[in-house]
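Colleague: Protein chains in written order, with this note's numbering: chain A, 1 to 116; chain B, 1 to 118.
These are computed hints drawn from the structure, not numbers from a lab.
All values derive from a computational prediction rather than experimental measurement.
The beta carbon of each residue, even a glycine, is placed where N, CA and C say it ideally should be.
Just to be clear, a hint being listed does not mean it is correct.
Said to hold, decoys possible - With a cut-off of at most 27 Å between alpha-carbon atoms, the simulated BS3-like pairs for lysine-lysine come out as follows:
1) A:K3 with B:K64
2) B:K41 with B:K55
3) A:K16 with A:K38
4) B:K98 with B:K20
5) B:K98 with A:K3
6) B:K66 with A:K38
What the hints assert, rightly or not - Some chain A residues flagged as far from chain B (calculated, every beta-carbon gap over 12 Å):
7) V14
8) T20
9) E26
10) T27
11) Y37
12) S42
13) Q57
14) R63
15) Q69
16) K70
17) T80
18) S87
19) Q103
20) S111
21) I115
Given next are the chains, with one letter for each unit.
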Amino acid sequence: AQKVTQAQTEISVVEKEDVTLDCVYETRDTTYYLFWYKQPPSGELVFLIRRNSFDEQNEISGRYSWNFQKSTSSFNFTITASQVVDSAVYFCALSEHAVSGNQFYFGTGTSLTVIP
Amino acid sequence: GAVVSQHPSWVICKSGTSVKIECRSLDFQATTMFWYRQFPKQSLMLMATSNEGSKATYEQGVEKDKFLINHASLTLSTLTVTSAHPEDSSFYICSAKKGAGRGYNEQFFGPGTRLTVL
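Could you put together the complete structure from these sequences and hints?
Modeller: This is the structure in structure tokens:
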């Protein structure tokens with residue numbers, strides 16, 4: 001079973017539009033960590049955020065914001081006023097504390113294209 | 001933040017040859033490193049977990065005799081693709097776990113190595 005689901009394979013938005021990338025996860029662990037990474041065409045993963053399972057506070061960092069809801073097992077990522085430089089593939093990932101020694105489970109990624 | 005390097009960043013080789021990829025933690029010791037493979041337009045899939053001083057643990061479906069992993073020091077893990085074939089062409093990414101405590105141990109990803117087998 002897929003532990004991390006990113007249902008949106010590709011999204012295109014016009015510059016300055018807001019866009020939300022969805023992420024749904026599955027785990028039986030009570031302690032876990034959720035991540036978002038950006039992967040530009042160069043391939044290198046760029047860390048965006050980490051949240052632990054005990055901290056459901058939403059977070060905002062500039063144009064980026066994250067909505068963590070344990071009740072729906074979701075960790076969605078919103079980019080406000082999108083820019084062309086936001087074009088990339090975005091991965092949501094889960095790391096379980098007890099079970100797997102912190103290995104990462106990645107979603108299938110959402111390819112975001114911001115059209116100027 | 002901590003830095004993880006990979007060498008080479010890209011490599012082209014002929015079918016049947018072996019290729020070694022290095023993963024180094026530059027400013028911290030990593031008892032555990034992970035190797036991932038990413039095919040074009042796909043997600044990262046864990047291949048194996050590399051522990052310093054012991055044998056690597058391979059995920060189901062990954063041939064341990066083909067993908068040799070050596071984690072001989074606390075800052076270096078190597079992945080050798082033996083007798084490479086075109087289907088092994090992929091983007092290989094390593095990550096290094098900083099610390100080995102019971103709490104969360106931060107992981108840092110390398111920049112990846114793009115392997116093309118002709």
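Colleague: Look at each hint and say if it fits the structure.
Modeller: Do the hints match the structure? See the list:
no.	hint	result
1	A:K3 with B:K64	holds, 24 Å
2	B:K41 with B:K55	violated, 31 Å
3	A:K16 with A:K38	holds, 19 Å
4	B:K98 with B:K20	holds, 23 Å
5	B:K98 with A:K3	holds, 24 Å
6	B:K66 with A:K38	violated, 30 Å
7	V14	holds, 23 Å
8	T20	holds, 20 Å
9	E26	holds, 15 Å
10	T27	holds, 15 Å
11	Y37	violated, 8 Å
12	S42	violated, 8 Å
13	Q57	holds, 17 Å
14	R63	holds, 21 Å
15	Q69	holds, 21 Å
16	K70	holds, 17 Å
17	T80	holds, 25 Å
18	S87	holds, 15 Å
19	Q103	violated, 6 Å
20	S111	violated, 8 Å
21	I115	holds, 20 Å
The structure fails to meet hints 2, 6, 11, 12, 19, 20 from the earlier list, while all remaining hints are met.
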